[in-house]
Every structure is written in structure tokens, then in C-alpha cells.
Amino acid sequence: MRRETIEAALRASKADYTEIRIEESESTRVAFRGPDLETADVVLDRGGFVRCLVHGGGWGIATFNDVSDLKQRIEQAYEGARAIQAEPIELADIPVSEEDVKVPLDNDFRHIGLTEKKSLAEAYNDTLLTFDARIVDTHTSYVDTFKRVVFANSEGTYFAEERPMINVAFSAVAREDGDVQRAFEAISKVAGFDAVRDHHALVETVAQRAVDLLSAPAVEGRRYPVICNPRMAGVFAHEAFGHLSEADFVYENPQAQKMMVLGRRFGRDILTIADDGSIAGLRGTHKYDDEGTPTGRTDLIKDGVLVGRLHSRETAAKMDEEPTGNGRATGYRHPPIVRMTNTFIEGGETSFEDMISDIELGVYACDAFGGQTALENFSFSAAYGYMIRNGEIAELVRDVVLSGNLFVTLQHIDAVGDDFQWAEWGRCGKGQGGLTVSMGAPHVRIQDVLIGGE
Amino acid sequence: MLDRLMQSAEQAEVFEISSEATKIGFTANRLKSFEVEETQGMAARVLVDGKLGFAASSDITAVDKLVQNVLESARYGDQVALRFPEPQPGPTVQVYDAQLATLSTDRLIEMGEEMIEIVREADEQASVSIDLTRRVRQTTVRNSRGVETVAKKAPLSIMLQVERVRGDDVVTLFEYFTTATLDRSYRRFVRRIAEKLRLARRAASLSSGRMPVLFSPNGAPVLGLPIIHGLNGKNVYRGISPMAGQEGERLFDERLTVVDDPTLDGRPGSSSHDDEGVPRQRNVLIDQGRLTGFIYDLKTAALAGTEPTGNGERGLFSPPSPAFSNIIVEAGELSVDEIVAGIDEGLLVESPLGLGQGNVISGAFSNNLSLAFKIEGGKILGRVKDVSVAGNIYQDMQHIEALSSESEWVYGGIQLPYMLLPELNVVTRD
Chain A
510 MRRETIEAAL RASKADYTEI RIEESESTRV AFRGPDLETA DVVLDRGGFV RCLVHGGGWG
570 IATFNDVSDL KQRIEQAYEG ARAIQAEPIE LADIPVSEED VKVPLDNDFR HIGLTEKKSL
630 AEAYNDTLLT FDARIVDTHT SYVDTFKRVV FANSEGTYFA EERPMINVAF SAVAREDGDV
690 QRAFEAISKV AGFDAVRDHH ALVETVAQRA VDLLSAPAVE GRRYPVICNP RMAGVFAHEA
750 FGHLSEADFV YENPQAQKMM VLGRRFGRDI LTIADDGSIA GLRGTHKYDD EGTPTGRTDL
810 IKDGVLVGRL HSRETAAKMD EEPTGNGRAT GYRHPPIVRM TNTFIEGGET SFEDMISDIE
870 LGVYACDAFG GQTALENFSF SAAYGYMIRN GEIAELVRDV VLSGNLFVTL QHIDAVGDDF
930 QWAEWGRCGK GQGGLTVSMG APHVRIQDVL IGGE
Chain B
5 MLDRLMQSAE QAEVFEISSE ATKIGFTANR LKSFEVEETQ GMAARVLVDG KLGFAASSDI
65 TAVDKLVQNV LESARYGDQV ALRFPEPQPG PTVQVYDAQL ATLSTDRLIE MGEEMIEIVR
125 EADEQASVSI DLTRRVRQTT VRNSRGVETV AKKAPLSIML QVERVRGDDV VTLFEYFTTA
185 TLDRSYRRFV RRIAEKLRLA RRAASLSSGR MPVLFSPNGA PVLGLPIIHG LNGKNVYRGI
245 SPMAGQEGER LFDERLTVVD DPTLDGRPGS SSHDDEGVPR QRNVLIDQGR LTGFIYDLKT
305 AALAGTEPTG NGERGLFSPP SPAFSNIIVE AGELSVDEIV AGIDEGLLVE SPLGLGQGNV
365 ISGAFSNNLS LAFKIEGGKI LGRVKDVSVA GNIYQDMQHI EALSSESEWV YGGIQLPYML
425 LPELNVVTRD
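Residue numbers (the numbering used here), protein chains in the order written: chain A, 510 to 963; chain B, 5 to 434.
So here's chain A without its partners, still in its complex pose:
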């Protein structure tokens, strides 16, 4: 879409504030389920989002696939804003930006044919299928998406940003005597085609783990000292703590503000948690968020103390704090809301050996199938785990589900590892559903965690 068309539509708006976001994307997808190809296809998605504010009204929003008449869409949004009486909505000031953000890719996946993409997925799938007779089912997928977002608002900001993403995911299901176990790995990056090649060794670990889990006992439910591997700890940072630091949870709720008051101690000195949407190559990275605010680092917990939170322009204005570049939308169907980008527990000083050596009986929780939080309560399923016995990693166990209360659990983090790493994938399901994020952490030890299990 031409810049003049968008700017002309903005100029014609009668609203006090107007923004337009147009998104166009093309995705190539290859998916195998067992020996069968589910699909090898290309889908095109194009749509737009318009949002208006008028004095004394609320947000008026229009979303659409037919982008041929932007002026009419703005008119619809303007009428929507006028149709409701609402508390005045203010937006925090941000710099006016103008930029065309290109993301160059080595070996750009757009220049690779479907033949090669299908062969790659098929080879990974064959590795899973032929690994062991007990592997009865697989999911192997390849997805690349090249998205271009154009954002413009009535304050003069205009940017176009490329948002490419490439993913491969492998999942294996092993079955023996009616028992079914699953293992999963994925790689997801802002990168070209080479990033998803040559991962057969990783694929084999998936098949091996699914088979090994068949003979693994379920963990015995009780409280344990737990070491989370970096991926599990990253999910913990995102799910258990990150969501509470999103300002839309507190900005209209005085009781919640009291609970999340800056300066409150949440953990020991060793604990620092931050969010940073500006780190090159990660899934949660963009130059600008979906309101045009530049992204950057925001410390949430520093040396154990709550020091910051994540904002959109609206929540920042309401709380008289600075916008942080966390107004993100899942796509053109959705308004930007406060979301995390790349959230992490900063690396510490304890080696893994020191962390484990004094645990008599504990659990080593690895990777997360998923996590969910109801603010103070959380629940995470580890993809697999090991018992820790007398300071050493012992037998593989399954059905490791960590649950507990956030405030108690953060205080119980008593060792932070020196081996920080980013996870290769991450998705957040808040509100509008799947948004790409990254999570990172070193190994982290938590005392006295409730592990559910039979």
C-alpha cells in the first residue's frame, strides 16, 4: 500500500488521535504427521487495523481484510469512538519516528523452493520415524513467514518494518503396552533458511526421550528442592512473574498496585529479571512496538527488588510512568496491549555443580510443555525431569508438574546459575493468543516447590 494513501486517510480523520496498521504476510508451511504429509502450502494474509480516540469517547476500532477504502474504515472507527461514553484516555508522549526497517536474511527463505523445504521436513520426520519401532506418531513441521507491517499515526509517526520468522518443530510419540509418551523440540528464529538445517542430532534426542519416558516412573508428588534448566526457568520468569509486571494488570486496580508497588522485595539479591525487545535475532524483538514506541530494556526485578513494569502508551500515561515499548498486537485483528518481548532471568554466579551438590533428594525439571498462571498461582509442566539423589542426577521421571504461589516461590530461589541461555522458541497466550516471545535464563534452584504427580 502506498504511503500517500495512508497519510491522506489519516489527514481526513476527524478524530483527536488516529492510527493505522496494515499487515501483509506470506507463509510457507510443510507438515508431516506420522508418515503422511498433512500439507505443503502457501497462505497469504493481508489485513488492517484502525484505532481512533475522541475527547469524551473511548477507543473506536475497525479491523478488516478489504483494505481498499481506508478513509471509510477510519470513519467507522471514529463513529465507534463517539458511540460510547468513557473515561478520558490519555497516551504517554513518544518520539515521532520515521523509518523503513529492513531485516536482511542470509539465504533468504523466500528464494528457496517448496521442494527443498519439503525435503528438509521429510528428512527430519524420517529420522524420528525410523529411530525406534515404538515411535508410533510424529509431528514435524516447517513454517516460514515473511510479514511486513506498516504503522502510521496522526502524530506523524510512519514506519514500515519487516518481521520474518522461520520455524521447525519436531514431536515424537512413543507407545508401549497402552502407555503413550511425547517429546518435543523446536527452533524458531528471525533468520534465513540455514538456521533450520542440520538439526538431525537434535531430532534424535526427541525420539530418544519419547522412548526413554516409556520406562520412566511418574515423579512422586510432594515438595522438593528443584533445579530448573534454563528453558524451564525462562518459562517461569515469563509466566509466573512477567505477567504480573504487565501494567494493564495494575493500572486500573488500586489493590493490585499496592501488591505490585515499586520497591517491594520479591526475591533475594541474586535475582534480576528484565524484558528487552531490542536484542537482535530473538523472537520477541522489534525495532518498534505496535504503537510506534521504540523497544528497549526494562528491568523488572533488580537485585531482588521490584523496580519497573511493562507499559503501553495508555497504561504509562495513567500511571505517570514512561512507555516501555511493550504495546504489542498479535496481528491486525487486535489492538496493542501490554505484552512481554524477550523476558529473562539474568545470569548469576553459581555453577551447576555447586547448585546440585548439596541436594539429597530433589528434582531436575527440564523444558516446559507449557505454563499457566492465575497471577499469584502458577502451574508448569516440565517436558521431562530427573530425580536428584545425593547431589547427582539420577533416574528420568515423567509427569513433573510444578505448581505454587509466586510470592513464596520467588523468595525460594536461592541459586542462579552462571550458564545463561535463550530458549529457541516461545509463545505467549495472553488475551489475544499466540504471540512470539523469547525467554531466557540460566539454571535456577528453587527450594521447597510443590510437585504434583501421582
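Among these hints, one or two may not hold up.
To be verified - One side of the interface only, derived from the structure: several residues of chain A facing chain B at Cβ under 8 Å:
1) R542
2) D545
3) F573
4) G589
5) L623
6) V682
7) D688
8) F878
Stated by the list, open to error - Only pairs whose alpha carbons sit at most 25 Å apart, straight line, appear in this in silico BS3-like list of lysine-lysine:
9) A:K627 x B:K69
10) A:K627 x B:K55
11) A:K656 x B:K69
12) A:K523 x A:K580
13) B:K27 x A:K827
14) A:K698 x A:K796
15) A:K611 x A:K796
Stated by the list, open to error - Here chain B is said to cover these stretches of chain A; the calculated rule only asks that three of the stretch's residues, wherever they fall, bring their Cβ under 8 Å from a Cβ of chain B:
16) 551-564
17) 761-774
18) 885-896
19) 906-918
Simulated from the structure, these hints should not be mistaken for lab results. From the three backbone atoms N, C-alpha and C, an ideal C-beta is built for every residue, glycine too.
Dock chain B against the given chain A, drawing on the hints supplied.
Frame of chain A; chain B shown alone:
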């Protein structure tokens, strides 16, 4: 479009979707946004040399590219013995209520305000956010064998989120309601939420152990999800459903009957044909504990060498796959009060966390509970925090103590009674 595809294909199908919606948003007890949404898109499938191709686009002007993409996709597709269906009549179902389709913005706002008031009467510190969406959605399936089925629905959906913070004590509820008929049932939905908040004001403590656990309709998907996965033809064909090959066997307590019913008037999950033009039908899948069937779409049925059951569902960007229309678990005979009255000490599961995490297909579940209550001496005593339940449905549902006579629709398309399991593993902090 069909004609163009048939120049190169043996069989072809075009799926079109269009919808218009109006959405009213309340945030933290206050009216916040008004949204209009327009959706359109087109997907195509073809069989060329017996190989299946798929493509989709939300830009309906990009017809050339869609044709090119779907034929390209078929070059790489697998051989599938799939035949698109012939035109066949389906059941008559009412899912378009003109009154609902034209519901005014003012009325939507009134409904939202009314719901906030009901919740805040139960707890004045509750922060309520609501999205009310009125939608008219039309999908059309056309294929080269002459099928042309049009499904027009007007669902009303309500997403309601409550947060109540007192000190470090937090209650959060996230609930979903949908209907295709305009009635007062949304009030019952919101009153139940208010009742939960009221009950949550009192705290209770519970020790770990094995005890009777009563699942409310909202909590019962902990048990239902593995069944939903297990009955899906795709998991059966792949051999990962523990129910595969067990048709005719009694797998659960005879109190359990599970039906997929797309013929119910007023339910958004209902329709006369599925998204592949196959007639819908009511299917009993578990009959008094005995496994009687699975659900299939066209492709999965073709692969498995069985008949499609009218359960092919799709979004714009994905090929069809087997999905339930409305899942009904048949109700029992005792009232909820009678069931509670019979429990000396136990747990009432209201809101589970982590649904769908873990090894669902195996039947194993282990869920922390964001909202659960202690039952003592036949009464609901108060909220228990930091509690989780665990088990495996294939063992633990061998015996179901009771199902309530009352049922509710939860998560959109699932109708469930309260379900009492006599003994389940409960882990708490105490």
C-alpha cells in the same frame, strides 16, 4: 474459481468465509472500546493425479495467486483416496436468530453493565473486564461434485474476566459464554461467577491425600480433555489414542455417556453440514461407558478406511481436521446440593490451571487449581489455595460416584454436569 481449478484438477473445492462483528469492550469495570470487524477469505483444495493440494488467502482479489499456490501445493501433496462429497441433505438447525444478528450497540452495552453490576454486588473490589461480540458469519463450501452448502450463523459471545486482589490474595476468573439464540441465559452465567466470588471470600485449609473430588462443569474439562483427544479420529488412525481398537469395550463407568451433537438449535457449534459439505449427524461416542465411535473428517476417514462423520472443521488458513461440534456429557440424577451433602471431606474443583499441558493423550492429568473449595460435612466450606489434583482418566473414571442433574455449557461448546470421583490424589501446601 471452481471452473478455473477444474481445468487442471480431477476434483476441486472452494471454501469461502465472510463475517461482520461488533464488539463492545469493558476494561476494569468501565466501557472502553467499540470495534467493528470485517473478515473475508477464500481457501481452495484440489486433487491432481490423486495428490491433494491446499492454499488460502485473506485477500480475495488475489485469485490468480491462489490458483497458482493450490496447484503448486498439489504437486508436493501425498496421494490420498479422497473424494469430495456429493450433495446430501443435512439436519435442519436454527443458528441464525435475526434478533440476535441485529442486536443494538446500546443493548450490548446494557448487558455488559448489568453483568458488571451482578459481579460487583458479590464483591465490590472485583475488577471486571468483558468483551461482548455480536457476529454474523457465513461460510460456503462448493465442490466439483455439485455441493454448495451455505452456513449462516449469528453467535453472541461473551468473554468475562474478573480479578479481585486483597493484599497478596488474588482471585482471577476467565470465563466464556456463547449462544446463537437471544435469551436470558447470560444472566445465569454471570450469577454463577458472582457465586464463586462470594464463596472465595472464605479461606479453608485441606491436607494432602486421597479424597472425593467433585468437578464443576467448569472444572470437569480436566477429565474431559483426554477423552476429547482420544475420540479424535486423527489420534485413533495414528494409533496414539489409548481408545484405538477398543470399540465396543467398556472403558469408563456406565454413568458416562458422551455425545457429539450438531443438531441442537441455538448452539453456535451446530450446523446442517460440516466445513467440507458433509451432512452433520448426532453421534453417540461413549454409550454408558462403552466406546461406540470416533469423529472423522474426509481426509482422516479416507486414510483410516472408514466413513466421515461430518466433523470436518477448518479456519481460513488451515485444511480441515476432525473437531467436535457440541460435546454433551449426559446428566445424572442427583442435584448438586444432594451430591455435596453426601461428602464428608473433599474438594470441589472450579477453575483448573494448565489445561492441555502435559501428556494429555495418555489420560494423565496433573493440574494446579486457581479456584477450588473444600467440602466438609456436606457443605462447601471455603477456598483452598495452592492445591493440585492428579490422576489418569483411564483408571480414575472406572468409577464415577455421581453426575448431577444440572448441566452447564462451558468453554463454548461443551455441556457438562458436575462429576464426582470417589477418590483422587490431592496435593496441598499443608
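Structure-based check of each hint:
1. R542: Because about 7 Å separates R542 of chain A from the closest Cβ in chain B, which is inside the 8 Å limit, the hint holds.
2. D545: At 6 Å from the nearest chain B Cβ, D545 of chain A passes the 8 Å test, so the hint holds.
3. F573: 4 Å, holds
4. G589: It holds, given that the least Cβ distance between G589 of chain A and chain B is near 4 Å, below 8 Å.
5. L623: At 6 Å from the nearest chain B Cβ, L623 of chain A passes the 8 Å test, so the hint holds.
6. V682: 5 Å, holds
7. D688: Because about 7 Å separates D688 of chain A from the closest Cβ in chain B, which is inside the 8 Å limit, the hint holds.
8. F878: 5 Å, holds
9. A:K627 x B:K69: Distance ~20 Å between K627 of chain A and K69 of chain B Cα, so the pair holds.
10. A:K627 x B:K55: 15 Å, holds
11. A:K656 x B:K69: Holds - the C-alpha atoms of K69 of chain B and K656 of chain A are around 17 Å apart, at most 25 Å.
12. A:K523 x A:K580: Between K523 of chain A and K580 of chain A the Cα gap is close to 11 Å, so the pair holds against 25 Å.
13. B:K27 x A:K827: OK: K27 of chain B and K827 of chain A at ~24 Å, within 25 Å.
14. A:K698 x A:K796: Holds, at about 16 Å.
15. A:K611 x A:K796: Satisfied, since the Cα-Cα distance of roughly 10 Å is no more than 25 Å.
16. 551-564: holds (count 6)
17. 761-774: Coverage by chain B holds for the region 761-774 of chain A (6 residues, Cβ < 8 Å).
18. 885-896: With 6 residues closer than 8 Å to chain B, the region 885-896 of chain A meets the three-residue bar; holds.
19. 906-918: holds (count 7)
Consistency note: the structure conflicts with none of the earlier hints.
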